[in-house]
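Got chain A; can you put chains B and C on it based on the hints?
Here is how the chains run, residue by residue.
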Amino acid sequence: MADTGNNDAFVAFERVQKSYDGETLVVKDLNLTMPKGEFLTMLGPSGSGKTTCLMMLAGFETATHGEIKLDGVSINNIPPHKRGIGMVFQNYALFPHMTIAENLSFPLEVRKIGRSDREAKVRRALEMVEMGGFGGRRPAQLSGGQQQRVALARALVFEPELVLMDEPLGALDKQLREKMQFEITHLAHELGITTVYVTHDQTEALTMSDRVAVFNDGKIQQIAPPDELYESPQNSFVAQFIGENNTMEGTVKEIKDGLAVVQLDDGGLIDAKPVNVEKAGDRTLISIRPERVEFNCDRLRPGAHTLKAEVAEFIYMGDIFRTRLKVAGRDDFIIKTRNAPDQRRLQPGEQIEIGWLPEDCRALDAP
Amino acid sequence: MSDTTQTGPVLAADGTPLKRSLRRALRAQKMRALALIAPLLIFVLVAFIAPIADMLFRSVENQIVGNTLPMTVEELRDWDGTEVPDEQVFRALFFDLFLAAEAKEHTKLGSRLNYEQSGISSLFRTSGRDVGDIGEVFQDALTEIDPAFDEARFWYDMMSGGAEAEGNERLLSNQIGRLEVLEATNFSGDVDFVPGAAISDILPNTARAYAVFAAFTHFVDEDVVAEEEPWEAVYAALAIDLEDPATRAALAGYDGPGADVLRRAADAPLPPVDMKAAFIDSNKDWQRVGFWKVIKTYSPPYTTGYFLNAVDMEKTAEGIALRSADQRIYGILFQRTMFMSLMITFSCILLGYPVAWIMANLPARKANLLMILVLLPFWTSLLVRTSAWKVMLQQQGVINDTLVWLGLVANESRLVMINNQFGTIVAMTHILLPFMILPMYSVMQTIPPSYLRAAKSLGATNWTAFWRVYFPQSVPGIGAGSILVFILAIGYYITPEIVGGTTGTFISNRIAYHISTSLNWGLAAALGSILLAVVLILYWAYDKIVGIDNVKLGG
Amino acid sequence: MKLTKTLFATTALTVVAGTALTAQDMANSMTLVSWGGAYQDSQDKAYVKPYLAANPGVTATWDESSAEAVAKLRAMNEAGNVTWDLVDVVASDAMRLCDEGLAMELDHDEVLAAAPDGTPASEDFGDLIVSDCFVPQIVYSTTFGYRTDMVPAGVEPPTSVCDVFDLAKYPGKRSLQKRPIDNMEWALYCDGVAKDEIYDVLGTDEGVNRALAKLDTIKDQVVWWSAGAETPQLLADGEVFMGSTYNGRLFSAIAEQNQPIGMMWDMQSFDLDGWIVPAGLPADRLARVMDFLKFATDTQRLADQAAYISYGPARASSAPLVGKHADLGIEMAPHMPTDPANASNTHIYDYEWWADNRDDLDAKFQAWLAQ
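Protein chains in written order, with my numbering: chain A, 1 to 367; chain B, 1001 to 1555; chain C, 2001 to 2371.
No wet-lab data here; the hints were simulated from the structure. All C-beta atoms in this analysis are idealised placements derived from N, C-alpha and C, irrespective of residue type, glycine included. Do not take every clue at face value.
[Stated by the list, open to error] Simulated DEER-style distance windows between Cβ atoms:
1. B:Phe1471 x C:Ala2168: 16 to 26 Å
2. B:Leu1342 x C:Ile2330: 32 to 42 Å
3. C:Ala2236 x B:Thr1380: 16 to 26 Å
4. A:Ser46 x B:Val1044: 45 to 55 Å
[To be verified] Which chain C residues face chain B? A few, computed with CB under 8 Å, are given here:
5. Arg2210
6. Gly2238
7. Ala2355
8. Asp2362
9. Ala2363
10. Ala2370
[To be verified] With a straight-line cut-off of 25 Å between C-alpha atoms, the simulated DSS-like cross-links for lysine-lysine are:
11. C:Lys2324 x C:Lys2049
12. A:Lys36 x A:Lys219
13. C:Lys2072 x B:Lys1104
14. C:Lys2045 x C:Lys2294
15. A:Lys174 x A:Lys219
16. B:Lys1390 x C:Lys2219
Isolated chain A, as found in the complex:
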């Protein structure tokens, strides 16, 4: 599923493999290219190999096989401190015995940049993250969000062309995290920095990235812009990992006119868009996003598929309503509706009819 080699790619992984114990591969045959200035997120559950990839790129782990190239040059044998890659760590890794200004000054000092230059750059970097007045403080005196900004400033102060971020927002509360997500993407685009961002939070991945690489089991499952990833997951893992999904298992009866007719396990027949089913008889997993399900079926355009359902539970969530339904023998079918003025609140026990457009219903490989 990875994209193919590209010679003017800024960052390139070519057939990279990594094993720690010589028995199992944690990264299996990874191929990836990134153009300059891209914000790429590596998303995946823990143990999927995303952090290992990042560490190989930073130089803290060596690839067991394959090549990693930066700006067309193999960096396999370049030690981390010569790669010139900025990095933001999960726990920020701000040096506790140095002040904020000293922390920022550190990468400039080791690069033997003159004192006045250094001070100017540090000041600019701090102002850039709105931490101008904090140069004299110690990391322990700052809040988590402030430390995060400083860590970002420190990774940027020596003007690297590539910045790596390893779950940098994991320790922040939700509000702060959302604010920082915005600021980071904003900064990255403004400065034109190529960014590799590792996270296991799919919302973060979707909101920040130019492209998202979904990792699982040491492989990239899909690499695509966020909307494409969400709307058109290429396989059931991606579908289930990104966003919420209603799934139903079944068997393909036939494929015709770009639509697959699927016989659900409880016997019902529905139409779905075939994504990676090939022929009749294939087991499949039907996936429908909860927000694409409508219970006012007259609002759907003709050709929509409808089903009987019974309301099991109504959950008020503020901006949306979340309703659990009993459909086709299962009771975990979720629909989401906007809390609009004319929106009706379904009552448990109510019998309703739900429906969706066939193109929103995707027939994926059975897991």
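Structure of chains B and C alone, referenced to chain A:
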């Protein structure tokens, strides 16, 4: 804003002041907490605070002179120190020393004063032996005048002044008090004897001597006063009293028990009382003014003498002065102890740091194995470890043998690596190394590897990353280890004793010597107090310079 | 009239000895204090084990604290809890303990067994009863041993204590005890001071300096020891050519371990070792320890001890009974410090003089050492 008054305390719901309510509510909690730490508190008090307080007290305590020779000290108060004291002082000395010899306290005093002046020990020992003979002269003379003087009952009746006589309770309680001080105990109960008031006035010395004899017989010997023949000192006291013409006159009108015998004794010729001559005859050192000066100088209950001695100084007639060069030792030893403890601390840092670093960066299982190796020295006795170093380092030892075998050192010029400072530093570094490694290790364990990675990603070489990022964060571990090692080293004495030779011994070796061999506990206490003060000062300085908050024994 | 306490003590003992207390009145455990090592073993074998065998139910515990006996007894006394019953000490410590009232005064004839021929104990021990509190067991000496195989070729083995100071004739290291006693006397003697004037000379500052100056000539060749086992070990390792230690230690290195070591008895310094009873023991413990003491210091028992270690029994009547070494079967008499052949030139150290001058000389000696 609210209806509570501005003045006056805030009240709780039931009207009691809020503060008191709060205190009451917290009291149970506090008591429970106190009960939990009580065992530790008591342990620390008994096993730690009390001995230190005792040590500090001993280093200045000098009550032995005043307690043993109270009358002599009193008489010496007006002595000008130019000539041998007069007869009055020697008479006081006689009675003091007689009682001290009975109580076996005189040689302790001799040993005490011998620390200040060689020879006083035997002076007190020989004269303590002779005081009986000095008094016996008068006993013999008095018995010759009247055999009644040999009878215990006669003395008892005479000195109590008869059954109906008014007693001199004060004299008796004074003497009991004196005995209590001397024996360092408390006596309670009735002596079964009270000196008569009338006879006490006529024969003041005799009454005093007999009273203390009675108290001693009753409390210490646990005998019946009326059945014991008095001490020789009582006869000497009577001879002194009878010498006084006023006594004779007073006796003329006295009709208590034994009055006739006393009158006869007063008229008969008695040997003259010359205690000065008798003492000088016993030991000619009594005419050395210097010895008397020492007694006078050390008569107050507290002294700076031990501390002066501990810093190579002494009290002389001209005031405080440095000891003669051939007796100065503690200054050298304190310096040496400091210097070597620092050397040991630095060697421990140098050797321990890489080990701790490796341990902190190894996977847990291998780190545990290494930890066992580090702790291994603790499993063998200190003596065995030290002796093993002897085998390693001596001239016919393993290292020298190896060097000779390798041809690096000629057989005739084998290296001297033991019985000197080098040997002590090597052996003690080995013994104290775990105390350095453990705190370092526990601090290093808490430094996440991401700091080093961050530094490298920021462009630092391995060395810069270590030196500027890792090392400063491991300093608290070094600090804790250094304080531990330094303080342990400063008080070590077994290892320096065995491998230190003459140049590698510590001040603690002298402290041990004074505790167990010379028994000069006062000096040992003074040396120990100075050592304690030095440690506290260094600790304070460390706190000022590095900050004690920067000392970590672990996460 | 002697000191009242003596009377009191002896009265108490008369009761003990006179009324022949039954075993029920005696404590059935004792804590004995000694020096450890071969010497304590000899005591154990010669009289502790036999005594315990004869008195079933009685136990004895050893405490190897004799080296710090005075300090520890003083501390126990201050704390009011004396746990020891019988303490083995050198003569000077016995005198000090007796002086301070920490040891009990004894009437030797009353509490100790007479010789087999009826000679009272006080005569049998004779002059060796240096203190009223002291029951002597052995006469030992501090003397020199040397490595026979390290004597330079063509040179006679050393025979005089002054050979210790002759580095030209006998090069190599020496080991000496880290204290002024004995060393100062030997130094003065070898500097030409007559034996009977040694203490007069040592009593002056010039004398002290003279002794130290003599020691200075060998100072950088000296290894100083503080435990008796050190010199035999140093000799065995070839670390030193000659060294002073207790004669029994040298005997065991030579006879039992077959080390190439020779004895040099010249100017051996005699000393005594014996028992003291701590003052103030409760009656039952006192009764037990007196019973043991009487047994352990009789003529036969002291002679038996000499079968295990080469120290001379303190009783005159024991000397003829000294036989062969218990394991090696060699005659022990020629190895005794008191044997006439060994005692032709001896040094008897002056307890009284050292009691007065030890503090002062020790300070000077230590200052000299530290330089």
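Cut-off 8 Å, beta-carbon criterion: hint that glycine 2238 of chain C touches chain B: 5 Å, holds
Hint consistency between lysine 2045 of chain C and lysine 2294 of chain C [alpha-carbon to alpha-carbon, up to 25 Å]: 16 Å, holds
Pair hint lysine 174 of chain A and lysine 219 of chain A, alpha-carbon separation not exceeding 25 Å: Roughly 29 Å separates the two Cα atoms, so the pair is violated.
Closest C-beta approach of alanine 2370 of chain C to chain B relative to 8 Å, hint status: With Cβ-Cβ at 5 Å, under 8 Å, it holds.
Interface hint for alanine 2355 of chain C, Cβ within 8 Å of any Cβ on chain B: Holds, about 5 Å.
Alanine 2363 of chain C as chain B interface residue, shortest Cβ-Cβ below 8 Å: Holds. Min distance 5 Å.
Interface hint status, aspartate 2362 of chain C versus chain B (Cβ within 8 Å): 7 Å, holds
Restraint status (C-alpha distance of lysine 1390 of chain B to lysine 2219 of chain C at most 25 Å): 20 Å, holds
Outcome for the supplied range 16 to 26 Å, where the beta carbon pair is alanine 2236 of chain C and threonine 1380 of chain B: 22 Å, holds
Pairwise hint evaluation, lysine 2049 of chain C against lysine 2324 of chain C, where the allowed Cα distance is 25 Å at most: 20 Å, holds
Range hint 45 to 55 Å (beta carbons of serine 46 of chain A and valine 1044 of chain B) holds or violated: 49 Å, holds
Assessment of proposed distance window 32 to 42 Å (beta carbons of leucine 1342 of chain B, isoleucine 2330 of chain C): 54 Å, violated
Violated hints, listed in ascending order, are 1, 2, 5 and 15; each of the other numbered hints is respected by the structure.
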